[in-house]
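Following the hints, put chain B in place on chain A, whose structure we already have.
Number of protein chains: 2
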Amino acid sequence: MTPPTHREITQPFEVRFTHRVIFTRHALSADNPVLAGVMPGDPPGKPTKVLAFIDSRLLEQSPGLLLQVDRYVQAHAGSLTLAGPTDTVEGGEASKNNPRLLEPVLRAIADAGLCRKSYVLVIGGGAVLDAVGLAAAIAHRGIRLIRLPSTTLAMADSGVGVKNGINAFGKKNYLGTFAPPWAVVNDFGLLDTLSDRDFRCGFVEAVKVALLKDPAFFEYLEAHAEALNKREPSATEHTLARSAELHLQHITTTGDPYEMTAARPLDFGHWAAHELETITNYDLRHGEAVAVGLAIDTLYAAQVGLLDVQTTHRIHRLLRTLGFTLTHPALKDTDRLLKGIESFREHLGGELTITMLQTIGRPVDVHAIDTAQMQIAIEKLRAGEPAA
Amino acid sequence: MTPPTHREITQPFEVRFTHRVIFTRHALSADNPVLAGVMPGDPPGKPTKVLAFIDSRLLEQSPGLLLQVDRYVQAHAGSLTLAGPTDTVEGGEASKNNPRLLEPVLRAIADAGLCRKSYVLVIGGGAVLDAVGLAAAIAHRGIRLIRLPSTTLAMADSGVGVKNGINAFGKKNYLGTFAPPWAVVNDFGLLDTLSDRDFRCGFVEAVKVALLKDPAFFEYLEAHAEALNKREPSATEHTLARSAELHLQHITTTGDPYEMTAARPLDFGHWAAHELETITNYDLRHGEAVAVGLAIDTLYAAQVGLLDVQTTHRIHRLLRTLGFTLTHPALKDTDRLLKGIESFREHLGGELTITMLQTIGRPVDVHAIDTAQMQIAIEKLRAGEPAA
Numbered sequence: 001m002t003p004p005t006h007r008e009i010t011q012p013f014e015v016r017f018t019h020r021v022i023f024t025r026h027a028l029s030a031d032n033p034v035l036a037g038v039m040p041g042d043p044p045g046k047p048t049k050v051l052a053f054i055d056s057r058l059l060e061q062s063p064g065l066l067l068q069v070d071r072y073v074q075a076h077a078g079s080l081t082l083a084g085p086t087d088t089v090e091g092g093e094a095s096k097n098n099p100r101l102l103e104p105v106l107r108a109i110a111d112a113g114l115c116r117k118s119y120v121l122v123i124g125g126g127a128v129l130d131a132v133g134l135a136a137a138i139a140h141r142g143i144r145l146i147r148l149p150s151t152t153l154a155m156a157d158s159g160v161g162v163k164n165g166i167n168a169f170g171k172k173n174y175l176g177t178f179a180p181p182w183a184v185v186n187d188f189g190l191l192d193t194l195s196d197r198d199f200r201c202g203f204v205e206a207v208k209v210a211l212l213k214d215p216a217f218f219e220y221l222e223a224h225a226e227a228l229n230k231r232e233p234s235a236t237e238h239t240l241a242r243s244a245e246l247h248l249q250h251i252t253t254t255g256d257p258y259e260m261t262a263a264r265p266l267d268f269g270h271w272a273a274h275e276l277e278t279i280t281n282y283d284l285r286h287g288e289a290v291a292v293g294l295a296i297d298t299l300y301a302a303q304v305g306l307l308d309v310q311t312t313h314r315i316h317r318l319l320r321t322l323g324f325t326l327t328h329p330a331l332k333d334t335d336r337l338l339k340g341i342e343s344f345r346e347h348l349g350g351e352l353t354i355t356m357l358q359t360i361g362r363p364v365d366v367h368a369i370d371t372a373q374m375q376i377a378i379e380k381l382r383a384g385e386p387a388a
Numbered sequence: 001m002t003p004p005t006h007r008e009i010t011q012p013f014e015v016r017f018t019h020r021v022i023f024t025r026h027a028l029s030a031d032n033p034v035l036a037g038v039m040p041g042d043p044p045g046k047p048t049k050v051l052a053f054i055d056s057r058l059l060e061q062s063p064g065l066l067l068q069v070d071r072y073v074q075a076h077a078g079s080l081t082l083a084g085p086t087d088t089v090e091g092g093e094a095s096k097n098n099p100r101l102l103e104p105v106l107r108a109i110a111d112a113g114l115c116r117k118s119y120v121l122v123i124g125g126g127a128v129l130d131a132v133g134l135a136a137a138i139a140h141r142g143i144r145l146i147r148l149p150s151t152t153l154a155m156a157d158s159g160v161g162v163k164n165g166i167n168a169f170g171k172k173n174y175l176g177t178f179a180p181p182w183a184v185v186n187d188f189g190l191l192d193t194l195s196d197r198d199f200r201c202g203f204v205e206a207v208k209v210a211l212l213k214d215p216a217f218f219e220y221l222e223a224h225a226e227a228l229n230k231r232e233p234s235a236t237e238h239t240l241a242r243s244a245e246l247h248l249q250h251i252t253t254t255g256d257p258y259e260m261t262a263a264r265p266l267d268f269g270h271w272a273a274h275e276l277e278t279i280t281n282y283d284l285r286h287g288e289a290v291a292v293g294l295a296i297d298t299l300y301a302a303q304v305g306l307l308d309v310q311t312t313h314r315i316h317r318l319l320r321t322l323g324f325t326l327t328h329p330a331l332k333d334t335d336r337l338l339k340g341i342e343s344f345r346e347h348l349g350g351e352l353t354i355t356m357l358q359t360i361g362r363p364v365d366v367h368a369i370d371t372a373q374m375q376i377a378i379e380k381l382r383a384g385e386p387a388a
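Residue numbers (this note's numbering), protein chains in the order written: chain A, 1 to 388; chain B, 1 to 388.
Next comes chain A alone, as it looks inside the complex (with noise of 0.2 angstroms):
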């Protein structure tokens, strides 16, 4: 047998999940069953451990909730077991530079004796998914989390997402790792509290993913914008179902859930976004920000002559009767703003892949930016002119 020296072993494989979402009303409830269905012991019949996790701001407007997760545990004794206390997490986008935001959480999932088999259970806004989905991620190489997302934006988006994440040495979201969630019940009685500043947030991700996706979807949220302006129950439900619902669709189907190649296209209005919220530190909530980066986004491909001008009106137009405001002081820094644009590619990695709009349903990847338009297309967003 000759020894080795020069040996190559080339092995594809692949690793499956499930990924489940389910809509319901006061999750919470002793008597809603869903909650106890998508944790079932393992082995079956065994009480399994389940630690819960929930926003501080969350819990502000909603101080009940830690006895209700005590009475829905007790009421499925059978089948689950609290493992220690609920625990109470740092809510709010600012929260995620808070590099003490882990620590608590793990040391908690340690002391409650949590292993592979248990269940993590989060309820809050999108920070707070992220920073304990993370430490569900990492202890024990990964702890079943059971997602309740407490706000729109949530329920729209990264709620259904399979990744996590904490700002750590100055950079969004740098430490984090693509852990799909064990499920992701999304229960609409935990919004009556958001304000309406909040309450809206989460459209705009719908008005996204039905840009890139769903024309007749689209068509549905002009239909219903006064009425989700107004929070009317059935049209705010449908709109978040139907978001969460493309978002699922396009990170299960399209082969590439963990953006091991470049492309993000769900990341369409993003760059600038993520500018606008370090610029405003902040003050300018995700969602607002993302309407902004919307709106200057199709402003420039309005420009260049990738989409007509019409079209983008109607954007606009929607983002504006859904309650948002498409200008903002910020946008005076156009080189700051600009920024944005190499972070982002940094942050992909190799070539920049910025996702634009051709028509209504019709995304396109472009690798250049012209800078010249895209400040013309600020300037003209900030002076509050149509798109010419």
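Source of the hints: derived by calculation from the structure; they are not laboratory data.
Do not take every clue at face value.
Chain copies aren't distinguished; within one or between two, either way the pair holds.
[Said to hold, decoys possible] Derived DSS-like pairs (lysine-lysine); straight-line CA-CA distance at most 27 angstroms:
#, residue 1, residue 2
1, K46, K332
2, K171, K213
3, K171, K46
4, K213, K230
Chain B in isolation, oriented as in the chain A frame:
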């Protein structure tokens, strides 16, 4: 359209990876194309950033490695560029307990401006591969990781694994992820400075995987045990390569690369090994502890009538010929040792599952351990008595 007050989406999906392992000699010689070959530019032709981390223990033995890395990258300036100075990372199993191990690696990756198309090159033993691997896995949600294992143990087993991790809150490998490396380059030239004690450690994982999967390989090991004990290159290289290959085949072809079910046959003999490492405060090397663990579990299997006594003797004889001592004073504390069974169950979660042997090449999962019989097996081993 009725609002979806209770709607469910269940969507299976898969993530595809390629596992790549190359065996070579002197990978860091400027004229060896292997390393440059696994680090192509993305897009091709563009020099891609690489940042290297080296095990402090390895560097003590081979201080020239720092310069070799620089020269190798310079020699391949068309496709590679150094993103920062090569960092040293504390080596050895005990270092995985250092809660400050990860932070400087994460900071170096951030400072170097690596993105997801860049490469982290890590050269070292299992603990350093694990720690740097975790940092690379969570920075920007995963930077391409090139592993250069510097020990027989890492070449034969963990280096081809899809896991990483560090200890935290008193729990072994509490923090970690499943993350396939971009490539593993097994450079036999790195083994020359290993002590005999460290050198033999890798062989025990070869024995383990031969017992589980390949009777012909077990016979090869029996026939070459003396040669392996004398570090004869041809036998050593075949043994490490075949062991790596069998580990890789198991991970990539048995349908559960991320260990989502309970069974972990590659952990054969490891429940006792983990406990012995802790009891002896890592005085016993991992390979030495696994040798004792295999001896315990095969004696137990003989004791309860699973495995015939002759085969047990063959296995113990091979381990001894390879240079392992199968008794240890720590075996006296059987109560403490038996706690390893419960830790193992807790780490896996749910039901206890321990791999035992029926005959060479035929493992079986057992879900209960007869503690009295296990105590007898441990006591016999300690006293140096042969299996009855």
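A quick look at each hint next to the structure:
1. K46 - K332: So K46 and K332 fail the 27 angstroms test inside a copy (60 angstroms) and across (35 angstroms) alike.
2. K171 - K213: neither (30 angstroms within a copy, 46 angstroms between copies)
3. K171 - K46: between (43 angstroms within a copy, 24 angstroms between copies)
4. K213 - K230: within (25 angstroms within a copy, 65 angstroms between copies)
When the structure is compared with the earlier hints, violations turn up for hints 1 and 2 and for no others.
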